[in-house]
Amino acid sequence: MSLATIADREVHVDAEGFMTEYDEWTEELALTLAANIGIELTDAHRKVIRFLRDDYRSQGETPTLRRVTTVGGIPTKELFNLFPKKPAKKMAYIAGLPKPAGCV
Amino acid sequence: MKRLLVLGAGTAGTMVVNKLRPLLARDEWTITVVDQDDDHLYQPGLLFIPFGSYSPGEVVKPRRNQLRPGVALVLGEIDVVRPDESTVRLADGRELAYDYLVIATGTTPRPDQTPGMMGAEWRQSVFDFYTLEGANALAEKLATWEGGRLVVHITEMPIKCPPAPLEFAFLADSFFEERGMRDRVDITYVTPLDGAFTKPVASRLLNGMLEERRIRLEPDFIIERVDDEAKSIVSYDEREIPFDLLVTVPLNMGADYVARSGMGDELNYVPVDKHTFLSAHWDNVFAIGDASDIPTSKAGSVAHFAVDVFTGNFLQHIRGEEMSGHFDGHANCFVESGAGRAMLIDFNYDLEPLPGKYPFPVVGPLTLLAERRMNHWGKLMFKWIYWHALLPGRRLPVPTSMSMTGKEVVTTTTTEKERV
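Chains as they are written, first to last, in numbering that gives the first Met the number 0: chain H, 0 to 103; chain E, 0 to 419.
In case anyone wonders, no lab produced these hints; they're calculated from the structure.
This structure is a prediction, so every number in the text was calculated from the model and none was measured.
Here a beta-carbon is modelled for each residue, glycine too, at the ideal position from N, C-alpha and C.
One or more of the hints may lead you astray.
Within a straight-line C-alpha distance of at most 20 Å, the following computed EDC-like cross-link-like pairs (lysine to aspartate or glutamate) qualify [unchecked claim]: (1) E:198 to E:370; (2) H:76 to E:237; (3) H:76 to E:265; (4) H:84 to E:237; (5) E:382 to E:155; (6) H:76 to E:57; (7) H:85 to E:155; (8) H:85 to E:370; (9) H:84 to E:111.
Cβ-to-Cβ under 7 Å is the rule here; a few derived chain H residues that face chain E [as the list claims (entries may be wrong)]: (10) 65; (11) 66; (12) 69; (13) 75; (14) 79; (15) 81; (16) 84.
Just need the whole structure built from these sequences, with the hints factored in.
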């Protein structure tokens, strides 16, 4: 774990740049995080990010793609359109949550 | 009389009842276990059936013969659990009441959950091997297959016995080599993960093993559908991988009655405390083995280590005491690598597989995270151990919690993984 400066703020991140402290995240930070990976946030993105943040708060872990689809009601195809190629990782990165644990 | 009801007489459920029966007085406790049929399947054996090295008769035995005297077996399909009333209703209308319930109905491959998977090509050129029917059908197919593009595919994690698809790819390589037709087979390993395995040290090693065997790795592949006309699998990001023979591991889900009972997550796994297995919602309900949502491998070895912890916890819990057993997520698996060799990996919630010796530090005799002939024999011997020591609930001479003694700590300079 190390410190990184994102949008002029010091935040804790892991070796791959995922934020590790839930409460350090803000909506403005999300804009910068998204820009880092070439995504411009729209309301559709924000809806997904909000679901991830809420779900993490109640469940204690980053939701899987399946969970975002079945519980959050957002089709997988749409997640791939919003967060191309690697939606699970990209969503978690922007939402300031730990990288989703690939279950062993 | 107090009533303990266990749902599922598979690996976990059978161990639970056999361990608890001698510990719960017969004049105070009844123990009943429910299953839909009387066939106990030795699931680790399924991997070998497609290659003709095990016959179906070696992997199935009657469930009732694995249960200790004093355990009642009820055969029937479970319709619904009513946890607030502490009753279970079977599909034929029978009602079973309980004081304590243990859910051990495991996880099942669900090819119906991926569009096109069960289409016209199902069991023609699209196969699974996690069911006896699938493994048998694939054995027949492989016996006469003349080669082409073999795609070994995982739909979504978590799956039962996570190394099994890798082992399948290694064994297939070796099988075609022995038949002198390896040059006519092109093997691709397709996974939703970002490498061969999730844990970095093991993943790096296994990636290398795929490469040595000329097996192409297609990572980060989230399947949308099987196109059974074009004979290809299609991902959400529109990659298409053509196949002549697809060996897939379908989506794994817990039992449907769990969902009907309102007791499961989005994959029908029962949320429990990952150290004690007690339900997050009901104080007289536990879930153990593959049926629970604990974040470790869905595997018999996990169920075995888990039941060791569970037994003590259950006895404390029914006496109203604090549960002192603390499961660490310990798992170990033999990984068949083909040509009569295997690797062994040992890990838990917090520690990834590392090189070393097992079960005894330094002396072994099994070697962790390296291909050895001895490990392969260990895997074959395990079938005997399973039927004669594991299921009856005898103590095995291996520690329940993971040990770091004798392991070599490998520092992972996080392989500059592609930016998110």
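Each hint tested on the structure:
Only pairs whose Cα atoms come within 20 Å are accepted, and residue 198 of chain E paired with residue 370 of chain E is accepted, the gap being roughly 18 Å. Using a Cα cut-off of 20 Å, the hinted pair residue 76 of chain H and residue 237 of chain E holds, with the two alpha carbons roughly 10 Å apart. Restraint check for residue 76 of chain H and residue 265 of chain E: satisfied, since their Cα atoms lie roughly 18 Å apart, inside the 20 Å limit. Distance check on the hinted pair: residue 84 of chain H and residue 237 of chain E sit about 9 Å apart at the alpha-carbon level, within 20 Å; holds.
A hinted pair counts as satisfied when its Cα atoms are at most 20 Å apart, and residue 382 of chain E with residue 155 of chain E does not qualify at roughly 28 Å. The straight-line distance between the Cα atoms of residue 76 of chain H and residue 57 of chain E is roughly 44 Å, outside the 20 Å bound, and the hint therefore fails. Taken as a hint, the residue 85 of chain H and residue 155 of chain E pair is honoured in the structure, with Cα atoms around 14 Å apart against an allowance of 20 Å. Simply put, residue 85 of chain H and residue 370 of chain E have alpha-carbon atoms about 33 Å apart, too far for the 20 Å limit, and the pair is violated.
Proposed proximity of residue 84 of chain H and residue 111 of chain E is contradicted: the alpha carbons are some 25 Å apart, above 20 Å. Restraint check, residue 65 of chain H versus chain E: the minimum CB separation of about 6 Å is within 7 Å; hint holds. At its closest, the beta carbon of residue 66 of chain H sits 5 Å from a beta carbon of chain E; the interface hint therefore holds under the 7 Å criterion. Against a cut-off of 7 Å between C-beta atoms, the interface hint on residue 69 of chain H holds, since the closest Cβ of chain E lies about 4 Å away.
For residue 75 of chain H, the interface hint holds, since its Cβ comes within 7 Å of a Cβ in chain E; the closest pair sits about 6 Å apart. A least Cβ separation of about 4 Å between residue 79 of chain H and chain E falls short of the 7 Å threshold, and the interface hint therefore holds. For the restraint placing residue 81 of chain H at the interface with chain E, the shortest Cβ-Cβ distance is roughly 12 Å, beyond the 7 Å limit, so the hint is violated. For residue 84 of chain H, the interface hint holds, the least distance from its beta-carbon to any beta-carbon of chain E being 6 Å, beneath 7 Å.
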